[in-house]
Every structure is written in C-alpha cells, then in structure tokens.
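Engineer: First to last, the protein sequences are chains A and B.
Per our numbering, the very first residue in the first sequence carries number 1; after that it's consecutive.
Per our numbering, the very first residue in the second sequence carries number 1; after that it's consecutive.
Rather than coming from a laboratory, the hints here were simulated on the basis of the structure.
Watch out, some of these pointers could steer you wrong.
[Stated by the list, open to error] Simulated coverage check for chain B against chain A, where a stretch passes if three residues somewhere in it have a Cβ under 8 Å from a Cβ of chain A:
id, segment
1, 4-18
2, 31-38
3, 44-50
4, 128-141
All residues carry an ideal CB built from backbone N, CA and C; glycine is no exception.
There are 2 protein chains.
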Amino acid sequence: MREARIIERIESLWGALPDSAGVVRGDDCAVLELPGLAHDLLITTDQIVEGTHFVWGRHSPRDLGRKALVRSLSDVAAMGGWPLFLAQTVCLPAKALAGDWHDKFQQGLRQAATEAGVPGLALLGGDVSSGERFVATVTLVGRAKPGRALLRCGARPGDGLFVSGMLGGSILGLRRLLEETDTDRRDAAVRRHCAPSARIALGLQLAEVPATAAIDVSDGLGLDLSRLAEASGVMAVVEQGAVPVFPGASHDEALSSGEEYELLFTLPAGTQPPEAHAVSRIGWIERGAGAWVQDSGGRRRLDAAGFSHFAAG
Amino acid sequence: MREARIIERIESLWGALPDSAGVVRGDDCAVLELPGLAHDLLITTDQIVEGTHFVWGRHSPRDLGRKALVRSLSDVAAMGGWPLFLAQTVCLPAKALAGDWHDKFQQGLRQAATEAGVPGLALLGGDVSSGERFVATVTLVGRAKPGRALLRCGARPGDGLFVSGMLGGSILGLRRLLEETDTDRRDAAVRRHCAPSARIALGLQLAEVPATAAIDVSDGLGLDLSRLAEASGVMAVVEQGAVPVFPGASHDEALSSGEEYELLFTLPAGTQPPEAHAVSRIGWIERGAGAWVQDSGGRRRLDAAGFSHFAAG
C-alpha cells in the first residue's frame, strides 16, 4: 500500500510531535488540546482531484461539492465531533469557470453541510487558483468534548464490532455511473455513490456511549478495519454473513468499497449501539493482529481489500 | 480582476458569518475568538499548483516546499501571529514520486519553518493523492494575542505607510529563472524568487507597536495596497521615489512584483517602526479611496499593478 508508505515517510521526515504539544496525530482528525478552551479542537484536511477521485463530466458539480465536504465531515463524525468552520482551496481550469459549474460546486458543499445536520457551518476563507485540472481541498475545524474524541486506538479484546448503514453501494454506483450513457437515469446505487452522507449525529452519540474506537469507511471496510486493529494493537474479526450488503452489490464489494462514509466502531461487551440509527454488529475484537473475515471454512485476511491511489506500489 | 470576483461569488453563496461566530474573515488569515482560550486562533490555507505557480523542472523540489509554506507563514506574519501547526495535502504525479523529489519537497517545507524562526512548527496531518499535476496545499493554525491580530481594515488618515525589505526581486528572479539554461547559476534575484522568507519576527513586533493595519505583499504592492485601502476605507499614497527597489529590478517591477512576502503596514503619525528590521516609509494614508503613486507630475492609480491567476477575466 504505497499511500501508507508515503504518509509514513512524511511523518518520519517531520519527526514525532513533542509530548507537550497536546496533539493527537494519525487519526481521522488531529486533536488539539488548547489551554483554557472548553473543547478539544479537531482539524482535518482532504482533497478531491480530477482524474483520481472523479472523471470530469460524469459527476455533477453539485455532487462533487457534496463529496468534497463529506470526506472531511465524515472524519469529524468518526471522532464523535461537531464541525464548526471550513476553509477551502479550489484550483479551477477554464471549464470549471464556464457557466454556473463552480457555483453549483459551492452549492454542493453547502448542501452536504445541511444534509449532515450542520446548516450553520461557516466558511473561514480559502484560496483560489487557475490550473489544468480541478482540485479542491477542504479543511474542517470541529470540536469534541475534552478527552472524549473517539480514536482508532481504543478497541479492546471482547469489544463488539459495528458498522452503520449498508456497504458496497458506492463502488456499485460508481461502476454503473461509468457504464451508463444516460446520466439522468440514476438508481439507488448511483445516488449512494454520488451523494453520500456524513454520520455526524451518530458520531456524537457514540462519543456519549462511549464507543471504545471508531473510524469512517473511506477506503473500504477491509483497509479501514485493519487501520483500527493496528492502531489498537488487536485483531478484528468480521463474520462473513453479518456485513450489511447494499442491494445489488456483492459481498466482496461490501468488504472493499471505499467512499462509503459509514462509521465502523467498537463497543464494550454488553453495550448496545445508539438507537435510531441503522447499525449492524458485524464481528468482535480479539487478542492478536490484523483484520480478518470468518466463515464456516475458517479465517482469511481482510487487510488488502480496499482502495489505494497508488496501486502500482 | 477575475480572482476577486470568484472569491466574492463564493462568499455571497456562503452568506455572511453570524455576529455570534467570533470570526474575522477576508483578511490574510481568519481570526477565531474561542471562549476561554488565552489566544485568538489564526487559520490560513494556500495552494501551489504546477503550471500556475511554478513550471516543473525549473524550481527545485526543496524551493517549492519552501514556497508552499512561506505563502501561509507570511499570512500569519501579516496578522502579527505565531504559527503553531500545519496540515497539508499533496497531489502527486508519478514524476513527483521518482527518486527523492517528494522527500526534498517535504524538507523544503521544514526549511521554510526553520528560516522563519519557527523550527518547532508541528505537522498535524493531511491527505495524499495521486494526480496528473502536482498540487500542494498548506493550512496553518497560528495564534495571536486576543483582539490584537493585525487586520487590513485599521488604516486611518494621517498614518504613515511602510514596507519591509526591497521589492521587485521576485519577478526579476522568475524572469531570469525562466530564461537561463544553467540552473546552477543562481544570482541574488533568482534566490530571492526561489527562497523568500516570511517576516514572522517583524509581524510579532508590529502587533506590539501596534501597527494600525498590515498585509503581506503576495500579489504585488499595487494590488495588496489597494486591498488594504479598500478594507480600511481610505486612500493610500505611495511616493514614487520612496519604494525600495531590488537591485536590477525596475521601479514598475517593484510596484507589481508578487510573491515578495514582505509586510506592508501602517503606523500612526509619529510612531517609529521596530528597529532591527529593514523597513522603509513609502507613503501615507489620506481620506479617499484606492491605492495611488505620486510623483512630481501628479498621482496615478496603482490598483491594477499586480498578479492575478485569471488574467483573461
């Protein structure tokens, strides 16, 4: 997984954070503990890149705006936080300045905030540039109760493993989107891919329960679960038949589909997940290492199932 | 100036910030007043885009890293702030992953922090993607004394107008860089363009004086001064002969050269700028509007002299 190696390399070049910094790094968001402040601050930054995260002309500008913000909103949700402000950069080729394309992109950003239940999300500012390919970045500032942000590293043997929603719809929808010629014919899977939601309300409730660990499914259940297992120093086991599969998707697609933006989390034994959310118990935590899927025939590694931008590595 | 129109459009689509938000927007950094926190927080985000901010192969990766961070450091300097943390996104084409190119880019980021007197600047995290063109964004979180961040809007008639350093070197250096064939032959102007410095120490002192207004020279003296004048609701007048011109550059280049990262600021009449910095008094503030340059023949508008990414507009 070349992406992970690049990130490791960046972090090694920058060195460890001093203990005095009051910062947690390497989770869905960075957590800042600032003296006197009633909340911890959360910071996350994400980009969407033409040709990598989307194909020009296949996604509407409004859907791209939603996607650009949902990526970061979902990171805040996975920390059990509340989004406060965003800053953005946009790199705009001439085609993005034609007609109302860029207006619709901005409206999509706002729509994602409204759909996540954060209509008051405020724009702090940003940077605008021309360029050959469209690239947008969103930086979100959020808050979490002091010391209560949900981290990846808290899962313990005996914990139950849960996921919200159904998985596999995003990759199914992307395939249909790239295959179809009539872009007005948008079925449930295509809508799922184009207009995902960030689980802000669920994340806030998980911080109250509290969950022992959480991460969002952005690169695929297999890859994100292996990150949670590694951060927690445990083995995560998924029951083959327990994963909620999006209608029309295969079981393998449910395990590998990225851009789902559902929450994957662990609860202590006997603790029930918050009601009023579609949540499935898909497995448990054991001593050991790695992410595994178990069926009647035994266990196999799940780590490799997921999305990387740098597949060649 | 199409860039300004795009930014206006974005802000109108997002709407005004609520008064209760405790946020200043539209300056070099956003200022967040958070309850209980001993400092105001500063947030700024900037991008460097291949083909727009640099030509591949003409700038070394180390210089690009410096430039990527100096853009944001200079915004914090112009607010009289101190940088605390950065987050970054990098969009990496295959050529940026060859050899140690990307390592050197990261080393350049760190070098810019060290050169600005902020060797402890901590990396919070970020996002890595593949893509066809190199794009990097840096988001900086800084702090300023409560209510003491330097804004663009505080200049008053009678104030003196000052700038640090010498202007014109960056555009002169860029021209020589693009013309030369031997990239090892780097004269002072080329070094000035490739390795600018952020005036963090000067900014901190200006916040103590305090200066009435400040902005950094990122898009050219004319353009940045017109922004300061507009935000303050005043006229800014530059004396033709008073602008410090980088050796070899023309006077017009000194007025229009962007990426200088010097500080442009105003002080109440009779107030002296901090010692131990190369600072020139270049003019004054009057009632009226716009940025002007005055010589023995009269005054002419300075507003149009500067850099815009969207010159076609």
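Engineer: Hints first: check each against the structure and report whether it holds.
Structural biologist: Outcome of the hint check:
no.	hint	verdict
1	4-18	holds (count 9)
2	31-38	holds (count 6)
3	44-50	holds (count 6)
4	128-141	holds (count 10)
The structure meets every hint from the earlier list without exception.
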